[in-house]
Amino acid sequence: MISIRNLTFSRGEQKIFDNISLDIMPHKITAIMGPSGAGKTTLLKLIGGQLIPDTGSITVDGKNIHQLSRAQLYTLRKKMGMLFQSGALLSDMSVFDNIAFPIREHTQLPENIIHTLVLLKLNAVGLRGARHLMPSELSGGMARRVAMARAIALDPEVIMYDEPFTGQDPISLGVLVRLIQTLNKTLQLTSIIVSHDVEETTSIADYIYVLSQGQIAGQGTPKELAESDSEWVQQFMHGKADGPVPFHYPCDSFTADLLAH
Amino acid sequence: MNYLQHLGHSTLKSLAKLGRASLFFYTIITALPYVLMRPKLLIKQMFSVGVLSFWLIIISGLFVGMVIGLQGVYTLSTYGAEGSLGIMVAASLVRELGPVISALLFAGRAGSALTAEIGLMKTTEQLSGMEMMAIDPIKYIIAPRFLAGFLSLPLLALLFSSLGILGGHLTGVELLHVDVGSYWVQMQSAIDFYDDIVNGIIKSVIFAWIISWIALFEGYDALPTSAGISSATTRTVVNSAFAILFFDLLLTAIMFGSA
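Protein sequence lines correspond, in order, to chains H and C.
Mapped onto the working numbering, the consecutive letters of the first sequence carry residue numbers -4 to 256.
Mapped onto the working numbering, the consecutive letters of the second sequence carry residue numbers 923 to 1181.
These are computed hints drawn from the structure, not numbers from a lab.
Being a predicted model, the structure only gives us computed values, none of them experimental.
Beta carbons are placed, not taken as given, at the ideal position from N, Cα and C, and that holds for glycine.
Some hints could be false.
Beta-carbon label-pair distances, calculated as ranges [unchecked claim]: (1) 939(C) <-> 101(H): 54 to 64 Å; (2) 938(C) <-> 101(H): 48 to 58 Å; (3) 959(C) <-> 105(H): 37 to 47 Å; (4) 46(H) <-> 955(C): 52 to 62 Å; (5) 253(H) <-> 939(C): 22 to 32 Å; (6) 256(H) <-> 1153(C): 30 to 40 Å; (7) 1(H) <-> 938(C): 47 to 57 Å; (8) 939(C) <-> 243(H): 33 to 43 Å.
Derived coverage of chain H by chain C (criterion: at least 3 residues anywhere in the stretch with Cβ under 8 Å from a Cβ of chain C; other residues may be distant) [stated by the list, open to error]: (9) 73 to 80; (10) 92 to 101.
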C-alpha cells in the first residue's frame, strides 16, 4: 500500500532520514516508533506530501506522491486521514461542523444525509452526545476522538495517527487504543501510528519500525522486537535510562569541567 | 568582513521573504474566484474584519474631525477666514487623514487580529489539517480574509471622513459659531469629486491591499510558537504603518503634485 524507498530528508545541515526504506502493509497497523526528535512526525508529513524529500520515493497506492500535481495530490489525500497530535480541529466550528466540513467540501450530499453520516462517525468514537460542543469545551482525549471521527469522515483507506497517546489519562488511553484497533478492523484501514508510547503501541501494532538517528534501528512484530539482540532497541523498548543512548549529553568529563573553574 | 557578511545575509533573507510574499499574493489572486462563488465565506469575514472595526472608526473619525474643527477655527480666525473651515476640514480628511488614519487604525485593529488568527491556526496545525483533508487553506481561509480586508477599508475610510466632517461641524459651527452656510457651501464648491474624493478612495484601496497582504502573509509565515505569533503581529502593525506612510507620500506626489 505504502512503499518508501531510499528516502533521505534533511532540515538545514541536519539529516533527519538517511537512505531509509520501509513498507506499510495494507489493512495492518504499522507503528513508527523512536525517541523524540527521531523524525516520526516528519515521516508522516512526507507520506502525506506536505514535505518533499531530498532523494528517494514514497509510493502510496502505486503513485509516487511527490511526482503528483497539486490536484492529483489532493485527490489522493481524500483517501488518507490524518490525526494530528493537537487534534487540529477548526476552532470556530462545533464538533458536528468539524466532522461535516470535509464531507460538505468534497461531496454534493444533501444536508440530511450529511447529518446522518456525521452522527454515525461520532457514534463510532462515542461522542454523539458532544456534537454541539465547541473544540475549546473538549478535553484532550475528547478532541482526539473528534479528530479521529473527522479523519474517517471521507472513509479513507489509510489513516495516520501522530502521537495519539501523548498526554492522555489512563481512561482516554484505553479508549484511544481500543478505537484505533476497532476502526482498523471494521473499516479495513491501513493504519500508521507514530508514537513513543511503547506499551500502548505494541499492544495493537502488527509491525513496528524503530527509528534512530536517521536510520531504522529495528523492525519486526512486537514479539520480535521484544526479543531483539540490538542493545539500542532493548533500551528503547524497555525504557532504560542508560545504554547506547547515554544518560549524559555528550561533554567533557565532570572533573575536567569542575577544574576548569 | 563580519559586517558585510551580516549585510549580505540580511539582504538575502529579506529577498527570500519578499519572494515568498509575492508567491503568496499570487496564490491568493488565483483563489479569489473560489471566494466569489462562496459569498458566505466573504460575508463572515467582512463582519469580523469590517463591521467589528466600525465603532473604532466612527469614534476616531468624529474626534479627529472635532480637533481639526477647533484647530482650524483658531488658525483661520487669525486671518479672518473662518468661513473656509469647511474646505479645510473636508480637504484634509478626504485627501489625507481619512485614508491614512483609518488605514493605521485598521492595521492595528483588524491587521493584527488577522495575523494572530492565521498564526494560531498554523501553530495548532489547523492549516496542515485542512491540507490533509484536501482542502486548500489559501482558498478557504486566506483569500476570503484578503478580499474582506480589501473591500472593508475603503468603506471604513469613507465613514471616517464623513464622521470627521460632522465632527468639524460640531466644534466649528455648533461650538465656535462659524457660519453654517459658509461651512457647507464652501466645502461643496471647493471639494472636487474626482480630484479629492476618488483619489482618497484610491489611496484607501491601495492601503487595504497592503495591510491585508502584510497581515495574512505574516500570520502564514510566522514561526509556529507563541513568540513567533507575537513578533509576527508586531511586524504586521509596524510594517503596515511604514508602508502606509510611504505609499501615502508617493500617491500624494502623484495625485496632487500637479495641482
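Here is how each hint holds up against the structure:
1. 939(C) <-> 101(H): 54 to 64 Å: 34 Å, violated
2. 938(C) <-> 101(H): 48 to 58 Å: Violated, at about 35 Å.
3. 959(C) <-> 105(H): 37 to 47 Å: Between residue 959(C) and residue 105(H), where Cβ atoms are some 19 Å apart, the hint is violated.
4. 46(H) <-> 955(C): 52 to 62 Å: 29 Å, violated
5. 253(H) <-> 939(C): 22 to 32 Å: At 46 Å between Cβs, range violated.
6. 256(H) <-> 1153(C): 30 to 40 Å: 36 Å, holds
7. 1(H) <-> 938(C): 47 to 57 Å: Given range 47 to 57 Å: violated, Cβ gap about 29 Å.
8. 939(C) <-> 243(H): 33 to 43 Å: 40 Å, holds
9. 73 to 80: With 6 residues closer than 8 Å to chain C, the region 73 to 80 of chain H meets the three-residue bar; holds.
10. 92 to 101: It holds, with 4 qualifying residues against the three required.
Checked against the numbered hints above, the structure violates hints 1, 2, 3, 4, 5 and 7; every other hint is satisfied.
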